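Hints are included, so try docking the two chains, each in its own frame, into the full complex.
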Amino acid sequence: MDEPITPRDVLRQVAEAIPEALRGDIIIVGSLAASYQLLRDRTQVIRTKDVDAMVAPYARAVLSAVGMTERLQDAGWQHQAMPGYDLPGTADTPDNRLAVVRLHRPSSTTWFLELLGAPPVVAPQANASGKTMYRLLTRGGHFALPSFAFLGLTQFQPTLSEFGLLVALPQMMALANVLHHPVIGDAVMSQHFAGRSIKRANKDLGRVVAMAYLADLHNEDALEGWKTIWCQALNEWAPTDADRLLASASNGLQALLASPKDIEQALHTVNQGLLAASPMRPEQFIIALRRLLRAIA
Amino acid sequence: MNSAYFDWQASNVGNGQPTIVQVITGMRTARDLRSVLLEALYAMDGDSQPKNFLCLLLGSGFTRQRLEREVQDLKRVTRADLRDRIQVVNVRMPADLRASHIPGVPEECLAVLNQKVLHALMVKPTTSSREAVVGQLLYRWINRMDPVRTAELAELSGASLPTVYAALKTIDSNCLHRDEDRRISLAGFTADAWQKWLALSTDSPSVKYVDRSGSPRSPEKLARAMAKLQRSDVAVGGVLGAMHHYPELDITGAPHLDIVVHGSPSTDLSFVAELDPGLVRDDTPGAYAVVMVHFVNRPFSLFETRDGMVWADVLECMVHLWDAHLIYQVENLIRHIAPGGLGGPLGD
Numbered sequence: 001m002d003e004p005i006t007p008r009d010v011l012r013q014v015a016e017a018i019p020e021a022l023r024g025d026i027i028i029v030g031s032l033a034a035s036y037q038l039l040r041d042r043t044q045v046i047r048t049k050d051v052d053a054m055v056a057p058y059a060r061a062v063l064s065a066v067g068m069t070e071r072l073q074d075a076g077w078q079h080q081a082m083p084g085y086d087l088p089g090t091a092d093t094p095d096n097r098l099a100v101v102r103l104h105r106p107s108s109t110t111w112f113l114e115l116l117g118a119p120p121v122v123a124p125q126a127n128a129s130g131k132t133m134y135r136l137l138t139r140g141g142h143f144a145l146p147s148f149a150f151l152g153l154t155q156f157q158p159t160l161s162e163f164g165l166l167v168a169l170p171q172m173m174a175l176a177n178v179l180h181h182p183v184i185g186d187a188v189m190s191q192h193f194a195g196r197s198i199k200r201a202n203k204d205l206g207r208v209v210a211m212a213y214l215a216d217l218h219n220e221d222a223l224e225g226w227k228t229i230w231c232q233a234l235n236e237w238a239p240t241d242a243d244r245l246l247a248s249a250s251n252g253l254q255a256l257l258a259s260p261k262d263i264e265q266a267l268h269t270v271n272q273g274l275l276a277a278s279p280m281r282p283e284q285f286i287i288a289l290r291r292l293l294r295a296i297a
Numbered sequence: 001m002n003s004a005y006f007d008w009q010a011s012n013v014g015n016g017q018p019t020i021v022q023v024i025t026g027m028r029t030a031r032d033l034r035s036v037l038l039e040a041l042y043a044m045d046g047d048s049q050p051k052n053f054l055c056l057l058l059g060s061g062f063t064r065q066r067l068e069r070e071v072q073d074l075k076r077v078t079r080a081d082l083r084d085r086i087q088v089v090n091v092r093m094p095a096d097l098r099a100s101h102i103p104g105v106p107e108e109c110l111a112v113l114n115q116k117v118l119h120a121l122m123v124k125p126t127t128s129s130r131e132a133v134v135g136q137l138l139y140r141w142i143n144r145m146d147p148v149r150t151a152e153l154a155e156l157s158g159a160s161l162p163t164v165y166a167a168l169k170t171i172d173s174n175c176l177h178r179d180e181d182r183r184i185s186l187a188g189f190t191a192d193a194w195q196k197w198l199a200l201s202t203d204s205p206s207v208k209y210v211d212r213s214g215s216p217r218s219p220e221k222l223a224r225a226m227a228k229l230q231r232s233d234v235a236v237g238g239v240l241g242a243m244h245h246y247p248e249l250d251i252t253g254a255p256h257l258d259i260v261v262h263g264s265p266s267t268d269l270s271f272v273a274e275l276d277p278g279l280v281r282d283d284t285p286g287a288y289a290v291v292m293v294h295f296v297n298r299p300f301s302l303f304e305t306r307d308g309m310v311w312a313d314v315l316e317c318m319v320h321l322w323d324a325h326l327i328y329q330v331e332n333l334i335r336h337i338a339p340g341g342l343g344g345p346l347g348d
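Listed in order, the protein sequences are those of chains A and B. Residue 6 in this note's numbering sits at position 6 of the first sequence, with consecutive numbering throughout. Residue 216 in this note's numbering sits at position 216 of the second sequence, with consecutive numbering throughout.
Excised from the complex, chain B in its bound form (with noise of 0.2 Å):
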């Protein structure tokens, strides 16, 4: 199941409340339905501006009558004022879309969310966790960058808004600074917030690469390797990539190389074993990787090509070291990116 979203802003139609539109496609189980309905209910009870949510399932395996049933049950059980936001609109493609499937936008604005609806599902495919959408705020604020809108938060990040709003709460409210015109920045990251979000950051899916020549290839090589493929789409993370932030980064060498790619773990990997005819994917817990690959599945790589070496953005590298247990040097690498420093030691 992919997911794609973006805000509509059709002011001539319904109730002229702007519309956040989810696409999903492949869409099987009853239970991934209530999900996305109930994540948007929640949002959409905690967002100060009243908004509509148009749930556009394309090529589900619903039936017309077990998606009516589903939605039926879930708006019995809601607050009217929420319910009535609410829409799902079952159809095999985007030029199946009709007026009447979405009472009240005529003809001229479902020409206009057509095309949006293409749009988003011809960009990578997200499902980008809260996790993402902090890492996003984290970026931006060491990078000394503008403060964003929601929706901005959330098409940088790739999460879903109902995502993007649950995001947002589980940060300490003196951390989140938000603006006269409501866009939201970081005013700070303690400690723990760094802990919590590098937990969950290495909780996402990576695959292991074991060498089998017995005189596995450095880091460095299988970097320099890589390179040559002269790729866009993956770039070198982990120590190497820390270092490459910040050379005076406390390490003697890269325990193994992490490669990033900008993908879902069904990405084609065959590109590994371009690197060296020695490796082998290996996922068993005990193998003692000489390649990780971790994926970032957001709509901007946020890679850096310098001198023909792709690089990962420095809070993946630093998600790379924390999941290696080089804590003195995540926290060597914070004190240097974040403004203020680090507030205290972190734990394992």
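Only chain A is shown next, with the shape it has when bound in the complex (with noise of 0.2 Å):
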């Protein structure tokens, strides 16, 4: 089990860490910034591993990439290894066996610091990821710094943080989520989630359930404008797909409520992570699920 750890604790954390030049260059996805941004307890824990942090704007990703890692590395900042991957990579490395820029600090393995880009664009060609990669040459070595479109959309009005660093909205993260995975796809994660193989589309697809519970436990009115702002992100970041995108987005989540089975496994990781703290039943995710699918309908 990963141990219990506070949203500001780590975003002030990695703050710290980083040079203030750099922190605008940095915004925070995934657990952490939904954790920060919708947890009403600031004292609440939230178990996770990992802290996403995106690297923008896309035209000095790069740069910015191989300036934090270096700076990290500089400070004693440790490179986690992952099987299959060299690390360090050197000119030689396969881009494929490139390693991700995973870092913990000097003192504890608590959580990891995990570097991605920005996109060049937000709207992948029809049935692709729209995963790509970039090499980043810092002096400790080679590594990838990988990039999903759709994740672009977090740098839509992200939230400065009182530590300086921007964190992504709930609403970006989560249309990023329901576009990303358009079907419950077969594929799993690459590690096991407390103790259980799950299916990738059930991870995300979760998560964006859990974020609408909280964001509603917050406000009940607050899910009526997911979908306004879901509208002005495409209509900002993918202009000519933007009516297509949004069409498409609640065809993952019908796909979910529709399936007991990929309910299940997404109330386990939600209720794993997320809302360890206090988790759902599932009849309150069904109902959350309904709730967010008629609020962007």
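None of these hints come from the bench; they were simulated from the model. This one's a predicted model, so the numbers in the text were calculated from it and none came from an experiment. Yeah, the Cβ is synthetic: ideal placement off N, Cα and C, and Gly gets one too. Check each hint, because a few of them may be wrong.
Unchecked claim - A short list of chain B residues far from chain A (calculated; beta carbon distances all over 10 Å): (1) R64; (2) R183; (3) D233; (4) E331; (5) I337.
Claimed, not checked - Across the chosen pairs, the derived CB separations fall in these ranges: (6) A:S278 to B:K228: 29 to 37 Å; (7) B:K228 to A:M189: 37 to 45 Å; (8) A:R281 to B:S232: 31 to 39 Å; (9) B:Y288 to A:G164: 44 to 52 Å; (10) B:K228 to A:H218: 20 to 28 Å; (11) A:S278 to B:G340: 52 to 60 Å; (12) A:R281 to B:D233: 30 to 38 Å; (13) A:H218 to B:A199: 35 to 43 Å.
As the list claims (entries may be wrong) - To spell it out: a stretch of chain A is covered by chain B in this simulated footprint if at least three of its residues, at any positions, have a beta carbon under 8 Å from a beta carbon of chain B; those stretches are: (14) 209-223; (15) 281-288.
Here is the structure:
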């Protein structure tokens, strides 16, 4: 079981480690961002290992990522080895064996900072995930900077935290996830989640439901604004595909609603992660999912 | 069993007196028949103007012999001046009604009667109570409306004439005013009368919905969701409705959403689930309701539509406040709407 951590503590620690000039080039995404934005109790702990940081904008993502990696390497942060990847990579390492930048603090392995890159565009080709990779040439070796097209939507109106780091809006992370999973695909996560093999789509769509649930707990009218802000973001970041993408946004969630086995997996992931402190019952999960679907219909 | 009624004035029939026609579908038991006839007899006895009574049973479960025996048994113990004015006719459907069923009725009158029966069957089935009759008088009184005749009052409240007469008997004679045309209105309503009326009115059936999401919607949000359904037969009542009618009502918020359905408790309530996926019907006594559904089963809903919202009438809202033990707010409301205010405090 991962150690419980407090979102604000982690954000503060990340901010302290990143040079002030580069802080504005990071957008925190993923479970830490969701926890920071949505957990009402600031002392509430979450169970996560990965602190996902997207380096943006695309134009200087590689340069900024190199600068951050070297700064952290110099401060004694350690790279996390991954089976099947060369650490550190060299000029001879093929792209598919380059390890991503995954660093933990010198004194603790409680959490890892993982760097992602902003994509050039947020609407991928049809039937493509939109995943791309850039090679980072750092003083400590060669690394990969992966980039996911829809995750680029998190550049829309991120929140500036009190620590000087930008944090993605939950609505944008949700939009990225629902667009990434228009169906419940068979692909499973590379690592077990709380002891179980889990479909990637169930983890990502489950998080969407959990974020909607938490947003709704804060404000019962919150979900009514999701479709509007999704529309604004798509028009800004994918103007030629905005209507098509918006129209398909509910497909994966509808597929989830129709599959009790997938709901069970999705619920397992959120109750072991974002909602660890106050897990949902299956009935609550389905109601939250139905409420979201109504709001974005 | 459903019941509808109307006044039928056919001067060339029988003794030339007007006839109260009560049309009843689906009557199954002798007890129901005796109850209907007894109420009619009481009403006829108390009426200053003699009237006939025609009880028209459609699709009842009685055989001809059984019905004759029941009617004869009742007439045997009834005064002659009353029993001669009562008729009970049993047919499968209105089209089966023949002149032979009602002695002395010519064919042309029968056609009119047939039309009236069909009309009565098409309007919403009503089983309005005495409280509904008194409520109708209260509604007219607080809105400074003209007095009405008993037949009109029956039509407005959806009650039978016998029920109207019985209801009028429950009102303190000092509070009831009859003008020279025998039209009726309220002249006042005591605190005691308000209390009795409220207590009886809260006795009506209602349906509860609880929240299963863990984050219940506010009554205001549910009311907005209801407005989106654009239904004219369901209205917002309770605290929200009362606040609509009287914005200065001394209350900070609604404990739940009261919905008023224009219809009977057998009305399809599937629309409630459309308000929020977290709502589940639960009529158990301890259930904490997020939504309460009430029913008004009179011909006219008295609902008011404003800015897309449909509101129940203020008296219906008041009944819901009373049901929620918001006594102070009920007093508050009565003082605001009743001519002359409220005579004294109400007890719970």
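Outcome of the hint check:
1. For R64 (chain B), the non-interface assignment is confirmed: its Cβ lies about 56 Å from the closest Cβ of chain A, beyond the 10 Å cut-off.
2. Consistency note on R183 (chain B): stated as away from chain A, and its beta-carbon is indeed over 10 Å from all of that chain's, at 50 Å minimum.
3. At roughly 23 Å from the closest C-beta of chain A, the C-beta of D233 (chain B) stays outside 10 Å, upholding its exclusion from the interface.
4. Here E331 (chain B) stays apart from chain A, with its beta-carbon at least about 32 Å from theirs, past the 10 Å limit.
5. At roughly 32 Å, the least C-beta separation between I337 (chain B) and chain A is larger than 10 Å, which holds for a residue marked as non-interface.
6. Taking 29 to 37 Å as the suggested C-beta distance range, the pair S278 (chain A) and K228 (chain B) conforms, at roughly 31 Å.
7. A hinted range of 37 to 45 Å for the beta carbons of K228 (chain B) and M189 (chain A) is consistent with their spacing of about 40 Å.
8. Look at R281 (chain A) against S232 (chain B): about 37 Å separates their beta carbons, and that is inside 31 to 39 Å.
9. In this structure the hint that Y288 (chain B) and G164 (chain A) lie 44 to 52 Å apart at CB holds, the actual value being about 45 Å.
10. A C-beta distance of roughly 23 Å is found between K228 (chain B) and H218 (chain A), which places it inside the suggested range of 20 to 28 Å.
11. At roughly 55 Å, the beta carbons of S278 (chain A) and G340 (chain B) sit within the given window of 52 to 60 Å.
12. For R281 (chain A) paired with D233 (chain B), a C-beta distance near 35 Å keeps the hint of 30 to 38 Å intact.
13. Evaluation of the 35 to 43 Å hint for H218 (chain A) and A199 (chain B) yields a pass: the beta carbon distance comes to about 42 Å.
14. Only when three residues or more bring their CB closer than 8 Å to a CB of chain B does the claim for the segment 209-223 of chain A stand; here the count is 5, and the claim holds.
15. For a cut-off of 8 Å, the count of residues in the segment 281-288 of chain A with a CB near a CB of chain B stands at 6, and the three-residue condition holds.
Checked against the numbered hints given earlier, this structure breaks none of them.
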